[in-house]
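Asks: Since the structure of chain A is already known, use the hints to place chain B on it.
Which chain is which? The protein sequence lines are A and B, in order.
Residues in the first sequence are numbered from 1 upward in steps of one, following the numbering used here.
Residues in the second sequence are numbered from 1 upward in steps of one, following the numbering used here.
None of these hints come from the bench; they were simulated from the model.
Within a straight-line C-alpha distance of at most 20 Å, the following computed EDC-like cross-link-like pairs (lysine to aspartate or glutamate) qualify:
no., chain 1, residue 1, chain 2, residue 2
1, B, Lys89, B, Asp77
2, A, Lys192, A, Glu134
3, A, Lys147, B, Asp284
4, A, Lys117, A, Glu83
5, B, Lys17, B, Asp28
6, A, Lys192, B, Asp263
Rough simulated footprint, nothing fancy, chain A against chain B, three-plus residues with beta-carbon under 8 Å:
no., stretch
7, 193–207
8, 214–225
9, 255–266
10, 278–285
All residues carry an ideal CB built from backbone N, CA and C; glycine is no exception.
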Amino acid sequence: MKNLLEVHHLSKDFQHKRQPPVSILQEIQLQLGKGQTLCVVGESGCGKTTLGRVLAGLLPATTGTYSFLGKDVTRLSKKEKKEFRRDVQLIHQNPYESLNPTTMVFDILANPLRKHKKMKTIAELYPEVTRLLELVGLTPVSDFVDKYPSHLSGGQRQRVSIARVLAMDPKLIVVDEATSMIDTSLRINLLKTLQEIQERTNVSYFFITHDLALGRYFAQNQQLMVMYLGKIIEKGQTEELIGQPLHPYTKAILSAAAGNKGLLDESSEFETYVLGGTDIPSFTQIPQGCPLHPRCPQKIEGLCDRLRPPEIESTTGHYVACHLYRKSDSPL
Amino acid sequence: METTPLLEIENLSISFKTKRGYLKAVNDASLVIHEHESVALIGESGCGKTTLSTAIVDILPLGARVTEGEILYKQSDGNTVDLLTLKKKKFRTLLWSQIAMMFQASQSSFNPVKKVRMDFIDAAKAHHPRMTEKEILKKSEKLLTLVMLDAERVLNAYPHELSGGMKQRALLALALLLEPKLVILDEPTTALDLLTQEKVVALLNELKEEFSFSYLFVTHDLSIVSELADRVVTMYAGRIIETAPVASFFQQPKHPYSRGLIDAMPKLALEQGELVSIPGTPPDLIEQTSGCPFAPRCHRKSSLCTEQMPPMTTSQDSQHEYACWHPYLGV
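So that you can see chain A by itself, here it is in the shape it has in the complex:
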């Protein structure tokens, strides 16, 4: 099957005045098929939002290739670019800031339709807006079309922004922490809506979150990847990655996210795994070799602090970037 998007050796630097550029993404490799979900987990400041923005076409990559539907995104003609803009959509983190407060829900959804689908009359627009609002569960529709964002709750607003994104029939939706501002009791509902939409429209999701449990829930039987300091350090099928984490960093965040084991997950078997140090190093001083080595309890002296670990396929489809899993016969 041809992949929807393919990213090879992608990196992203940010320029500073009179300072060397800061490299936020390094050597990103990923593929995503149609109708699939890829969930990326990482701490704040690990570059996951930047990656989402690059994939959404909001930021150009510095080096590497990013092809969407087999075409290099940097070399699109004007017409193709317009299509790309329609096909890739982004759901923002904060529904309180991503909707225009002076625009009614109807127009929030109708404006992109007017612009991209050339629907002009109310007779054309109204059924389409109704369909979109029903798709995201904002019913009865007549209650919502004439509301302003300030009349809606956070969960409802986020549903409006999902509906706005769906208006373009996208092929890829970058979901950037879309549920972190939503209450626990409504969050699952929203994720279920997203999953139902995927079943119906075969859209792909690039789901960005810092909450491992949420990522595990959303990317069931799909792919999960973990980022640290701008690099993908582990990638694999969700259940396998959570069940048998390989990278020390993945083990540490799993152990941290498990909560109080006695109370929450009695069946859980996560080993307690603690990293040294407390803070992520700054991007301006990324350690040589493996970025985790100053904090890693299992580091190999003379190797981890010198050489960047390659991506190793430990079992089929489960990649890890760590020297611990180096096959003995592979060259350094």
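Replies: Just chain B now, with coordinates in the frame of chain A:
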């Protein structure tokens, strides 16, 4: 653990004046915090949990007013005072020296144009004018080392030079500077990433053992609750609907809403049941109804629920208290 109550909130109601009428953000809430106890106040956004906690330190936002109730605080000299009627001047001597609060936006709690040391010196001088700077800094250094920070560096840094996690921990040290009896933490870990979060939680637990004070922390993250709390208080639509010891809160929640919250939480364990979210949306707090506020979203409701607010009931083992006509009782 039976100890004396440190803070007792009785029948507290707080209203906001809005264009559409009065909004009862906190409705008839009663809450007890014992000495050396850590109490978690949980609930969805807009349920009044932050309003309730800010009322204790008298920093209610403009337009909010306490309409009834009292907040009784047992001072370190053994006298009990009502914080709501206490004279301003007296009240201010209590703040920070006995009751300290750490805000949600702790990232911006430090003065951005002064070095961090000035915040420590100012806080101490306000309560102990005769303390010398040297003494204060010595104590600050000790506390900062305790929260695993490089004391020398942090004290001489400006807030923007510290990372979010460092600021949070520095603020914790500042809160402990005058050895308070009660520390109120509003969403103590939301701005932190996962590993820092775990460190802060572990630290809060250790500090509680060492200094023996009480926590009241406001959060919506149940995994933090499971690691930090002794007792859990659930709020919904301005009312306290359940209080329970942490273990039985997670194992046998009595109120359908508490149960809904636990069921909606994604878990990391491998065999994962279907997650269920609570249908509907939180109620409008201006249009007060007579019945249980949760009734429209509850699947156990009866006609009684929409007519009458259930009273606070104590369970048979006297551990749970809940306000529900149809609680989950059996196992």
